[in-house]
Amino acid sequence: DVKVTQSSRYLVKRTGEKVFLECVQDMDHENMFWYRQDPGLGLRLIYFSYDVKMKEKGDIPEGYSVSREKKERFSLILESASTNQTSMYLCASTHIPQDSPNYGYTFGSGTRLTVV
Amino acid sequence: DQQVKQNSPSLSVQEGRISILNCDYTNSMFDYFLWYKKYPAEGPTFLISISSIKDKNEDGRFTVFLNKSAKHLSLHIVPSQPGDSAVYFCAARTSGSRLTFGEGTQLTVNP
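Those protein sequences? They're chains A and B, same order as listed. Residue numbering for the first sequence follows our numbering, beginning at 1 and increasing consecutively. Residue numbering for the second sequence follows our numbering, beginning at 117 and increasing consecutively.
These are computed hints drawn from the structure, not numbers from a lab. Built from N, CA and C at the ideal position, the CB exists for glycine as well. You may find that some hints are simply not true.
[To be verified] Which residues of chain B face chain A? A few of them, derived with a C-beta cut under 10 Å, are:
id: 1; residue: P125
id: 2; residue: S128
id: 3; residue: F162
id: 4; residue: L163
id: 5; residue: S165
id: 6; residue: S213
[Stated by the list, open to error] List time: in silico DSS-like cross-link candidates among lysine-lysine, alpha-carbon distance up to 30 Å:
id: 7; chain 1: B; residue 1: K153; chain 2: A; residue 2: K57
id: 8; chain 1: A; residue 1: K55; chain 2: B; residue 2: K153
id: 9; chain 1: B; residue 1: K153; chain 2: A; residue 2: K3
id: 10; chain 1: B; residue 1: K172; chain 2: B; residue 2: K187
id: 11; chain 1: A; residue 1: K13; chain 2: B; residue 2: K153
id: 12; chain 1: B; residue 1: K184; chain 2: A; residue 2: K3
id: 13; chain 1: B; residue 1: K184; chain 2: A; residue 2: K57
id: 14; chain 1: B; residue 1: K170; chain 2: B; residue 2: K153
This is chain A alone, in the form it adopts within the complex:
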């Protein structure tokens, strides 16, 4: 069974801390994504990566950075955590798109981050 694994289900961090959220996939997927989910706002794309050492900004990259040193691992970094970054963070991966009726992402279970 294919998996996207996020290292922590729940995290509590203090304002100003540097926070690392880790995501690992075992499907040899090229594309990986970080979203955050907030009530009434849905899933918003923070950063994504099409290959090792490549990264692209999503819709809300401010205050975040990413690292992809290995194909299977995509890390989200909060340089200096703030309370408005309290959210559910979701990692996803997918293969290079093909004309498949079942095209889509595989998501991890999410990390609920609270910044106090």
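Given the structure of chain A, go ahead and fit chain B onto it with the hints provided.
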């Protein structure tokens, strides 16, 4: 600029009846549309998709309809079951593999 919108934050239906979840989009370059289902404390899971060259796709109790002229798609669940209670996200794809998601609709199916 919200390119994918789900205008109903919540929907409540009786078990056995039809659930209809709606989604509107503004970008005519979207070529693929998907629905995801999300339970609390879990990641979203893929439910069903439709290519922009189709107007209907069916998978068991789930059917997605696409009306390109209206830039509207809908998900029909028949018959609805209590286990269908979850948040449903509509998503759309442009170039590459990037998906744009809507705000989500909380479906509650009452026994």
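Hints, verified against the model:
1. At its closest, the beta carbon of B/P125 sits 7 Å from a beta carbon of chain A; the interface hint therefore holds under the 10 Å criterion.
2. For B/S128, the shortest C-beta to C-beta distance to chain A is roughly 18 Å, which exceeds 10 Å, and the interface hint is violated.
3. Given hint, B/F162 at the interface with chain A, holds; its Cβ is 4 Å from that chain's nearest Cβ, closer than 10 Å.
4. At a threshold of 10 Å, the smallest CB-CB gap from B/L163 to chain A is about 9 Å, leaving the interface hint in force.
5. Residue-level restraint check for B/S165 holds (minimum Cβ-Cβ distance to chain A is 6 Å; threshold 10 Å).
6. Taken as an interface hint, B/S213 checks out: its beta carbon lies about 5 Å from the nearest beta carbon of chain A, inside 10 Å.
7. Between B/K153 and A/K57 the CA atoms are separated by roughly 25 Å; this keeps the pair inside 30 Å, and the hint holds.
8. At most 30 Å may separate the alpha-carbon atoms for a hinted pair to count; A/K55 and B/K153 meet this at roughly 27 Å.
9. Between B/K153 and A/K3 the CA atoms are separated by roughly 17 Å; this keeps the pair inside 30 Å, and the hint holds.
10. Straight-line distance between C-alpha atoms of B/K172 and B/K187 comes to about 14 Å, which keeps the hinted pair within the 30 Å bound.
11. For the given pair, A/K13 sits about 29 Å from B/K153 by alpha-carbon distance, which is consistent with the 30 Å threshold.
12. For a cut-off of 30 Å, the pair hint linking B/K184 to A/K3 is broken: about 34 Å separates their Cα positions.
13. A distance of roughly 29 Å separates the Cα atoms of B/K184 and A/K57; the hinted pair therefore holds under the 30 Å criterion.
14. Taken as a hint, the B/K170 and B/K153 pair is honoured in the structure, with Cα atoms around 22 Å apart against an allowance of 30 Å.
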